[in-house]
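Trainee: Each chain is listed here by its residues.
Number of protein chains: 4
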Amino acid sequence: MKKVNVALIGYKFMGRAHSNAWRQAASFFDVPVTPVLKVIVGRDEAGVRDAAARFGWEEHSTSWEEVVRREEIDVIDICTPGDTHLPIALAAAAAGKVVFCEKPLANNVADAERMLEAVRANNCLHMLCHNYRRVPAVALAKRLIDDGRLGEVRHYRGTYLQDWLVNPEVPRVWRLEKSKAGSGALGDILSHSADLARHLVGEITEVAGLLDTFVKARPAPEGGGLLPVEVDDAALSLVRFENGAVGTIEATRFAPGRRNYNRFEINGSRGSLAFNLERMNELELYTEEGPESGFRTILATDPTHPYMEGWWPPGHIIGYEHTFTHTVLDLLRAIAERKQPKPDFEDGVRTQKVLDAIERASDSRRWESV
Amino acid sequence: MKKVNVALIGYKFMGRAHSNAWRQAASFFDVPVTPVLKVIVGRDEAGVRDAAARFGWEEHSTSWEEVVRREEIDVIDICTPGDTHLPIALAAAAAGKVVFCEKPLANNVADAERMLEAVRANNCLHMLCHNYRRVPAVALAKRLIDDGRLGEVRHYRGTYLQDWLVNPEVPRVWRLEKSKAGSGALGDILSHSADLARHLVGEITEVAGLLDTFVKARPAPEGGGLLPVEVDDAALSLVRFENGAVGTIEATRFAPGRRNYNRFEINGSRGSLAFNLERMNELELYTEEGPESGFRTILATDPTHPYMEGWWPPGHIIGYEHTFTHTVLDLLRAIAERKQPKPDFEDGVRTQKVLDAIERASDSRRWESV
Amino acid sequence: MKKVNVALIGYKFMGRAHSNAWRQAASFFDVPVTPVLKVIVGRDEAGVRDAAARFGWEEHSTSWEEVVRREEIDVIDICTPGDTHLPIALAAAAAGKVVFCEKPLANNVADAERMLEAVRANNCLHMLCHNYRRVPAVALAKRLIDDGRLGEVRHYRGTYLQDWLVNPEVPRVWRLEKSKAGSGALGDILSHSADLARHLVGEITEVAGLLDTFVKARPAPEGGGLLPVEVDDAALSLVRFENGAVGTIEATRFAPGRRNYNRFEINGSRGSLAFNLERMNELELYTEEGPESGFRTILATDPTHPYMEGWWPPGHIIGYEHTFTHTVLDLLRAIAERKQPKPDFEDGVRTQKVLDAIERASDSRRWESV
Amino acid sequence: MKKVNVALIGYKFMGRAHSNAWRQAASFFDVPVTPVLKVIVGRDEAGVRDAAARFGWEEHSTSWEEVVRREEIDVIDICTPGDTHLPIALAAAAAGKVVFCEKPLANNVADAERMLEAVRANNCLHMLCHNYRRVPAVALAKRLIDDGRLGEVRHYRGTYLQDWLVNPEVPRVWRLEKSKAGSGALGDILSHSADLARHLVGEITEVAGLLDTFVKARPAPEGGGLLPVEVDDAALSLVRFENGAVGTIEATRFAPGRRNYNRFEINGSRGSLAFNLERMNELELYTEEGPESGFRTILATDPTHPYMEGWWPPGHIIGYEHTFTHTVLDLLRAIAERKQPKPDFEDGVRTQKVLDAIERASDSRRWESV
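Chains as they are written, first to last, in our numbering: chain A, 25 to 394; chain B, 25 to 394; chain C, 25 to 394; chain D, 25 to 394.
Bear in mind the hints are in silico, worked out from the structure with no lab data behind them.
Hints are supplied without guarantee of correctness; some may be wrong.
Mimicking DSS-like on lysine-lysine, the simulated pairs with C-alpha atoms at most 30 Å apart in a straight line are [to be verified]:
#1 B/166 - A/240
#2 D/27 - A/36
#3 D/166 - C/240
Given the structure is predicted, the values throughout are model-derived calculations rather than measurements.
Generate the whole structure from the sequences, applying the supplied hints.
Mentor: Below is the structure:
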């Protein structure tokens, strides 16, 4: 079978999740091309060497520039902080690689657009990793909507709630620096909810917004006083979709008890759907059935459910990292067929424009077009 | 024991709920004054006569004007559609009665303010019936917040979802006429969520808003073609509170499967609360408890929970109409002590101003001050 | 309309629930005969006088013997402790009254059989108040089973869990005396689960059982040392049904956090049902629907659901005492049609025989026939 | 770092789960010895060759006898059907290997005891894979019980419900043959619930039981008529524990909608716990907290929860196969410290004795000692 050689840039949280996905895809699914975990890249030599050993990469490197230039590498997988996506992606595109990039595509619209232009100009396959699209329950939701089970969609209600910043003693990490992270809850987690909104309901045309920062300064990670928090702690928006639906999308890191509560509810003319990432194996579906109507909880673990043919018997649930495995699986299929997978960099640009509009609306105190 | 003579204007949905409350309060609670169900008033003689018999009123009448003037009547309870609240309340105030009024206080801010002026000018006790404040679980939520269990409140997330208009064949009833109902989901149900927001979090200072009508015309109730729907099917808003909290408040009648889903979630610096009217005997509370932290479901049916000393042993739940009984109970206590109960007409004015600001914001496409 | 004069014996917990039912039935439903709350009976003059005033009875009395003899009384409603059911019911039957009796019918099978013989000999209408049969969600469950939606029933899994005896300082009240209560969790709450099993699945033919008492002595209610607990704290059983189904039925007063958790699950060849009294407005239903299968939560508050035509719009839930109102409603209908209602004293005898078999099986350490 | 060479016998469902565990342990945890996936064994050459490639084993073999004799192999991991555990384990013990065996240890008590004797006689480390002990939420439950948070345990309520045999067209597979599977729901799934009971509550001393087979014959897997179902479809039991607690343990493959519903509830004198495998990242805990008491849902994904330090940030859930990874992790730790891990073959014998007693009790129709 044909092999594809993968280079992974970044070896922390996302690096670990992507490594696992590349490693597991061929164990659990019939892949059309076999991924080879060639090289993992990071700035800290000791760290990346250890990661290579743990996560099963043949080699490690401290220079992404060098790795991107290597002939034998087919796929560049970008798992670094948002501010470095642009240079890596441009170089990877110039080298004609398949470019696979963690979300958010970039920290601003301009960078995202440059990345899209680059992959298009070089005719590269490109994919953005919005892994939650490939939660089986979410993929089932998509299928139900596409099959018309909800009728005409009227409402999207997305909330992505976390609580890791509630404690004011949590330090001012890089995710709270504007230059590195671009924004706070907005780019980090509202982006997920916005991507799901676009995926499941359609394009967003205009927004009203509110960004707020509750704790304005936090301890420096290395000690020695407080540093300013430069990004939003919470982001709230009202949205209008092209197809006439309306919605609210909200994200915060200040919701005690909500560890990773990425929830959406969709109401259509014929039914409703609800999903919550903390119970990611379940999809709630309502359709009208007379006196027997009610929201049903579909445990999306049957072989008839998306991606579940690869895993375990019904009722044996899967976890967070499996969503990356599904994403990598579909990327491998796209590579084999030389077809552009989704979501791609164009989705990245579009989602970035939604975030940008929310930020503008928060400043202008008006509705803004996307 | 002292008695208070009550006259009830209106005998439909709310008339039935209020009748029950007046009848049940003294059976289940130790009331300081005894309510006497004197007279029920309605325009349709046959209908109101039947209601009097069923609901236990001594008399019936077709003239509220006449009843309001009666010397022996102590309390005027207004349960008619919103456009008639003003004249009845003004007359009741002029006659020096205790004025008890169903929400919304009026269909617009100007009328609401006239009503408030009238009861103040005549030194009447006045109360607005926002019954959900007196769901035991909600009263418990209030107590927990007042006790500081949530710390500083940062987020309010209110959604009031119903589905009775999803079917486009539902006729154009009076609730869909602007002259009678004032507005749609906004005044009818978002008003509940806004009242709870004000009650539990604090005053709202500014809003962004979006009103929409999905089904623009519906069959005339008496047949013979379509009539225009003049009010909103859905109302969405972003809100800022005086104390720095932020929120979303949304109401719709187009959420299939959500029969009467009045839900809120509140996140503070020390904990979170969630409530859903469809499971109104339960309150979800999160506080930080180390490895044992989690949202707990308090079944608010113990004698230590608000109002539950009057009902059944723990675990024996109560229903919708009990909230009116609690409201009447507190009104009776206020009458006995000659103290102004809450919520009152001032709350009605303030909540109406929030609704008004949402409507203005939807038109102006800007944030609007309340 | 024809009236029926009711006498209620007992004015504590059940007396209050029955009073409310007699009072509310005609307010919320179209009753074919009108109940008149004639007289309430109790041993304590002050107590019963107060109850009469609170609960709306025309008169009170301290002699059930006298009241049972009164010509104008049509219905004798027995709400006293189990050991007194026999003499009252025999007298009421002898007097030709309609006899309505709280569960358990009696404290043992022999007494229950005498009561059944008496009402039959005197050709009286008789009804046993197992109110949970008339929870709308339970009545819906019955309808679904009768309609064949579950296919052939294989499993019944009934648990009635409470926690009011967990604290060893709770005194040795009458419910813990064998002579008054007959048994403990067995007769008080397992009887409910057994009645629902018989109602929903069919007759029970044999059982294995285990009774246990965790706290063997408790403070005397009037102080002055400990008294022995003479009844079971917990009762567990395996059961076989006539139709081939098998089941477990368990009751305990030692389940912390389970205030009134009367839950059952039924599995058939085509589907499953689950119910929990603490969320008594909900019924969970599973039927096979391919990839969209899942337990759905039916909020049994629509007008199409049993008994809900009398109450509120969809989504406005009802509470514990409403189940007594429904029971009284059906008794009134039976009286009007002169038809024997269900459950009746025969059900009482049969359920008592199940309890008796569980007790025997616990002693013999063998399976016992009912 | 020291390495241990592993040989895995069996490559189907459990073989896949164990392969994954051996592969993943060192990626996600700091293992004290490194497992080397040496050889996987199966009877079908093509099948096992493919499995070796997919699951990452260096070699494959069709002879377990040969592999067990190999000098360099340190661990024999037995994942074959129950009837073959005995010979493999005896050979592995004789060869002085670490013996790791899937549950049930054997198909009957005598075989289980021989296996235990063998590992003891040869001084081998031995471990039984009851993976559900190492669900983080279950391990947290164990910790809470050991810390006394529940007080004295009174009740265990275990139900393991599946639905894969509801359809009578499901063929008569090996799991329905007595000679291969030993028993049906009893050994396959009730054994899990019994192991958890023993782990969390204590040893079981006596039982009452009921086994039943609803569908007595099924299509032969290869076609050509019906074959008898030789094992139980459902197994129900009442149990007494050494420490005075009582319980019900039930398993069935005939509960429509329950895909893999391994649920338990434990009630103690100070609190309660509940767990359900279909939501395996959650543990429900009740402790008495006055008016704020309620079952809380602990999302057991924090780094303070057992095993979660190896995985993802809070709120990112894990799945079924992770429980095997945790089991392998603890086996590796035990190997490094040369300490006997738990559960071991002695647990296997004890659990098998419980199953045996249930079977005897079902036949004798009496309580039986374990």
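Trainee: Now look at each hint and say whether the structure bears it out.
Mentor: Right, here's what the structure says about each hint:
Between residue 166 of chain B and residue 240 of chain A, the direct Cα distance comes to roughly 28 Å. Compliance with the 30 Å bound is thereby established for this hinted pair. Taking the CA atoms of residue 27 of chain D and residue 36 of chain A, the gap is near 26 Å; set against the 30 Å cutoff, the hint holds. Between residue 166 of chain D and residue 240 of chain C, the direct Cα distance comes to roughly 28 Å. Compliance with the 30 Å bound is thereby established for this hinted pair.
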